[in-house]
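Colleague: Quick note, the sequences are listed as chains A and B, same order.
Numbered per the numbering used here, the first sequence spans residues 4 to 201.
Numbered per the numbering used here, the second sequence spans residues 44 to 95.
These aren't lab readings, by the way, just hints derived from the structure by calculation.
Positions of the beta carbon are idealized from the N, C-alpha and C atoms, including for glycine.
One or more hints might be untrue.
Here are some chain B residues pointing at chain A (derived, C-beta under 8 Å) [claimed, not checked]:
#: 1; residue: I50
#: 2; residue: M51
#: 3; residue: I53
#: 4; residue: V72
#: 5; residue: Y78
#: 6; residue: L83
#: 7; residue: I86
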Amino acid sequence: MAYSAFEQFEIIRIIPLHLFGNLDLSITNSTIFMFIALIFFYLLYSVSGIKSGSLVPSRWQSVIEIIYEAIFGIVSDNIGKEKGHQKYFPFIFTIFMFIVLMNLFGIIPYTFSPTAHIAVTFGLSLSIFIGVTLLGIVNYGANYFSMFMPAGSPLVLAPFMIVIELVSHAAKAVSLGVRLAANITAGHILFAILSGFT
Amino acid sequence: MFTSFGIMTIASIFPMLIVLFITVIEMAVAVIQAYVFALLTAIYISESIHLH
């Protein structure tokens with residue numbers, strides 16, 4: 004069989020599990036590497052989390068503290084420093100750790116990177132998009148839809164502006180997931196092609 | 044390739060070094076892309092709780 008750079012993205016069913024006819028809940032290599040990322044995250048936190056950490060940090064605790072401060076900076080700068088705004092910190096921290104661990108475990112040779120598949124990243128980004136839209140509607144009700152009509156623009160242009168703003172709002176969901184998948188896929192294909200020359 | 048030591052054996056060191064270099068770049072890309080994902084999530088949440 005000819006060597007293919009796309010062979011590494013193949014999803015293999017390790018434990019086939021077909022429920023109710025059409026529902027395919029097989030344990031694949033993608034599932035296994037997601038769980039490896041989650042288990043590593045859990046171990047990292049059980050070694051040096053809030054309960055088991057020390058005042059003078061160990062090496063692993065320093066890693067966790069650096070990441071924590073970076074994500075805390077993102078949340079403080081973009082959402083707000085008040086306590087009511089800090090409730091979004093655990094969600095963003097978990098998203099970051101999950102994606103960064105899946106990406107980094109995928110770089111090890113002979114492993115698999117779940118984030119190279121649009122099905123995974125688009126699932127994450129579409130859930131975030133739906134959640135963010137619902138959050139806006141819960142907070143502001145029907146006033147939330149005023150964001151589709153920017154303040155100060157002439158009323159004549161209103162139908163045009165609303166269409167543009169709707170498209171740009173919907174493009175957020177697509178761009179967030181496709182950017183991640185495309186970057187990781189491009190990197191892995193580059194690896195496969197360059198390894199062929201060695 | 045490994046059975047006879049020739050000019051190709053020495054030449055194949057360079058692709059190996061390039062792959063090592065790309066590995067370092069890809070580690071940076073992995074962290075940066077996760078950072079960008081978290082940053083954009085924060086920005087989208089911020090847009091829906093601070094309506095302008």
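Colleague: Confirm or reject each hint.
Modeller: Hints, one by one, checked against the model:
1. I50: Hint on I50 of chain B: violated, closest Cβ of chain A at ~15 Å, above 8 Å.
2. M51: 11 Å, violated
3. I53: Not OK, violated: I53 of chain B not within 8 Å of chain A, min 13 Å.
4. V72: 6 Å, holds
5. Y78: Holds. Min distance 7 Å.
6. L83: Holds: closest Cβ of chain A sits about 6 Å from L83 of chain B, inside 8 Å.
7. I86: 5 Å, holds
Figure legend: structure checked against the earlier numbered hints; hints not met, in rising order: 1, 2, 3.
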